[in-house]
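Colleague: Listed in order, the protein sequences are those of chains H and R. Under this note's numbering, the first residue of the first sequence is numbered 1, with each subsequent residue one higher. Under this note's numbering, the first residue of the second sequence is numbered 526, with each subsequent residue one higher.
Source of the hints: derived by calculation from the structure; they are not laboratory data. These numbers come from a predicted model, not from an experiment. All C-beta atoms, glycine included, are put in the ideal place defined by N, C-alpha and C. Heads up, a few of these hints could be off.
Which chain R residues face chain H? A few, computed with CB under 10 Å, are given here [to be verified]:
no., residue
1, P613
2, R619
3, I693
4, D729
5, P733
6, E736
7, S764
8, K863
9, S865
10, I938
11, T955
12, L958
13, H965
Protein chains: 2
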Amino acid sequence: MPGESRGSSSPGSSQHSAGSRATSTVRAAASAPRRSPQVWKFGGREKVVTQIVETVGKLLQTKAQLETEEGKKSFVPKTPKGTQDFSPKQMAIREKVFSTIINCFKRHGAEVIDTPVFELTETLTGKYGEDSKLIYDLKDQGGELLSLRYDLTVPFARYLAMNKITNIKRYHIAKVYRRDNPVMTRGRYREFCQCDFDIAGQCDPMIPDAECLKIIHEILSALQLGNFLIKVNDRRILSGVFAACGVPESKLQAACSTVDKLNKMTWEDVKNEMVGEKGLAPEAADHIGEYVQLRGGLDLIEQLLQDPRLSQNKLAGEGLRDMKLLFEYLMLFGIVDKISFDLSLARGLNYYTGVIYEAVLIQQQNDHVKELVDVGSVVGGGRYDGLVGMFDSKKKKVPCVGFSIGIERIFSIMNCKAEASKEKIRTTETQVLVAAPQKHFLAARMKLISELWDAGIKAEMLYRENPKLLKQLHYCEDTGIPLAAIIGEQELKDGVVKLRDVATRQEVDIPRHKLLEEIRRRLEP
Amino acid sequence: MPGESRGSSSPGSSQHSAGSRATSTVRAAASAPRRSPQVWKFGGREKVVTQIVETVGKLLQTKAQLETEEGKKSFVPKTPKGTQDFSPKQMAIREKVFSTIINCFKRHGAEVIDTPVFELTETLTGKYGEDSKLIYDLKDQGGELLSLRYDLTVPFARYLAMNKITNIKRYHIAKVYRRDNPVMTRGRYREFCQCDFDIAGQCDPMIPDAECLKIIHEILSALQLGNFLIKVNDRRILSGVFAACGVPESKLQAACSTVDKLNKMTWEDVKNEMVGEKGLAPEAADHIGEYVQLRGGLDLIEQLLQDPRLSQNKLAGEGLRDMKLLFEYLMLFGIVDKISFDLSLARGLNYYTGVIYEAVLIQQQNDHVKELVDVGSVVGGGRYDGLVGMFDSKKKKVPCVGFSIGIERIFSIMNCKAEASKEKIRTTETQVLVAAPQKHFLAARMKLISELWDAGIKAEMLYRENPKLLKQLHYCEDTGIPLAAIIGEQELKDGVVKLRDVATRQEVDIPRHKLLEEIRRRLEP
């Protein structure tokens, strides 16, 4: 199983077919002569080198042209735009990430559910605001109108309402679909996986909210992605700020989405957008600026609770008092040092009603903390107390809080790390290769491997009647199989199996009836 | 977390909304009076009973009408036709099945891959013959034309060709989509999960084919679904039989699909279809009948190898010699008693080129073996040496053999079993509930649970400031949590935690610094 061919489908290149990748390599080579002659001027050989380079260049251009023409004729197999295959090597990394996340969800007592990949279009209608244009619809082939799910939150709310569930703590790991402009090098795809955790049900304030932040903290720590920060805000505080600054209700959502850009734009630019595009008064924008550039902890909350403009606003007051409670709980959970109360955090989705949060990866550079903007937020979530009610005929509300982990961004980082470290990643768990040193031992190998399988031992053999011993041993080394069980004429006569430690190359004859026991002993951690 | 509301989304009913389910119950009750009065004639009370029944019936009809009208006004949340949600209880069963299957695949050294849920429509074109009409297309929203995958085999072949992989043993577990007429009580859905295992690459004859059958045998044994039988045939033998019986090449596929119905129809009916609908000569049909009703083992293979009509046919000869080899290997693997060489097995899909097989569940009734027709085959597969070449610009072939497990049918059976046994299935893995007997101990509970989580112990607490102790203990009993760690005034003063065994109700005070150790000791298997 050649490693290179599978390794080539790494993120960012996997959506191109093998054919188009080959062509672009040729193109790069063909364009080389244009700048090379200047670089390669070394003495009298200059002219010869230039000639060779030019000739090679022409040949490569011809080859590239021929290949392009050939490509037009035959269908080049590829994955759809913005989607990717995962090779065994990538899957090995992904499964490690998933298992870390699932273990944490289970540690917090979550159940798991699953929902269909498509929903009735009606179920998704009116839930995503502007982003609705990114929903994938299925073709009307008669029957219901269907769309691919856009996230896991709306299907979760639909599931709760449909089954009249008022109390559940569940996780759901599945793919979601957005007809977005993919930026695959940054882990942005049209098909991508989300890991969602949500707590639904009537609870006392901020207790489940605090647990969500604790879980995010545990997962990001366990994944060892480097330093991170969890930004926290509250939709109620945000609308209190806007109201206090004289922004009319009608412009609230627009102002919110502009504020959300503060991590990518300067305040000047944000202000210009507010005044120019969104039509806010310059004084209102200045007032807003004073607030949304604030970030801190308990001290900032206390300060804002004293602020006469804010404390008069009912929603803002509630939000601030809850934020204080949240910080107290986060202190008890011992994670408050990674939390930043950040008034610029707004989050795009419409359905949030209270606390909102977002986790970002950061880099410490000479006392400066820099957000890894390239990656963006890796976790996002908040409280959405109204969504389930939208699906209930009696509009019965079920309060919910939860978050979604953007696994593709995390996976991009893990994948780069794995490639940089050059550490060999095993893609199988095979423990023993059953091998033979001579010809005509297929039957003996088959009988032996069958015994191993039936005893629960992970075993392989080469699918050849008479494979060369060297080839069998190379297979162990290539794929990381630790043991080889070798059976030949002498072994069969003596009633033994030669057990070889692939790493040390040591071989010992083991009586056949003790083989299972010995293999298990050797494989003990 | 009320069990009933979640348990209600069982297969076969889950695609109906809670609302429509209630309505149909009402309708059933409302229609009862029409036949009930005849049944309930017992003495003088007859008239009174009839009156009551009629009145109740009218009331229920009115209620049903009102509900239907109400339903028209508001959107009733539901899943699309032929799809289903999986509740935590169902997921617990599914995950057990998946883990059995994955363990077996890993025991045989398989890697894992993943591919997108949709493919370019072009990728699926011309792969499924008549069944192509069942493919779900996505709406043309600009850009590429896309379709939901119909199986995992074609995407696998596309993946191999695209990445020039000539050698791999992989599994892939994912959902596939068919716009079929769903029969959900029998585990037939429009969205369903397949577990595929395939071996691609140049191998010596029948070695990987035999391993596939060994794996199917291991999985069906491990799942404890009852007795099963693996039917085996070869496309080459089948076409040899048809050729020998004078069926023209052009009618081969049609004759094949009729033969495939032999497990549901008598030979008479199959013959009538061959002659009537498919236009075969009656004598040809009779000849075919002599062959396709044959089933057996090595003796049958030997008999057919002696058959002059078959042995003259090159393909049939090859197929029979390979079948003999396969049976020799299956004998070495010790599974030949569950294998039946069955000449009626044809399988629908076009892409098979050699050995084909299908596993069915059977019931032993007074020495009669009866196939569980309701369930149908639970595994199907075979050799397809031409499929990868269809995606390669140079038509380079990669020989493949593999199978697909129909997990929904297996899950239907497991689900029924679980419901019948009334065995309590845990849907979480929580080990400890952190509880308090008095008010104002939220902070103490939070600090304690945080310690447990950080030590990797699965723990929950109720999301209330001051929950009643009884409510906390009931939660343990309802959800199967084995231990409760109770912290109150006295415990805090004494520096201990009261550890309660939920089953025995025994409580012991454990010094705080020994708590983790004691919990781990108690949880040891």
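Colleague: Now look at each hint and say whether the structure bears it out.
Modeller: Hint-by-hint comparison with the structure:
1. P613: Holds, about 4 Å.
2. R619: R:R619 check passes; min Cβ-Cβ to chain H is 8 Å, inside 10 Å.
3. I693: 5 Å, holds
4. D729: 5 Å, holds
5. P733: 5 Å, holds
6. E736: 8 Å, holds
7. S764: 26 Å, violated
8. K863: 14 Å, violated
9. S865: 20 Å, violated
10. I938: Nearest chain H Cβ about 19 Å off; hint violated.
11. T955: 4 Å, holds
12. L958: Hint holds; R:L958 Cβ to chain H Cβ min 9 Å, cut 10 Å.
13. H965: 13 Å, violated
Violated hints, in rising order: 7, 8, 9, 10 and 13; the structure is consistent with all others.
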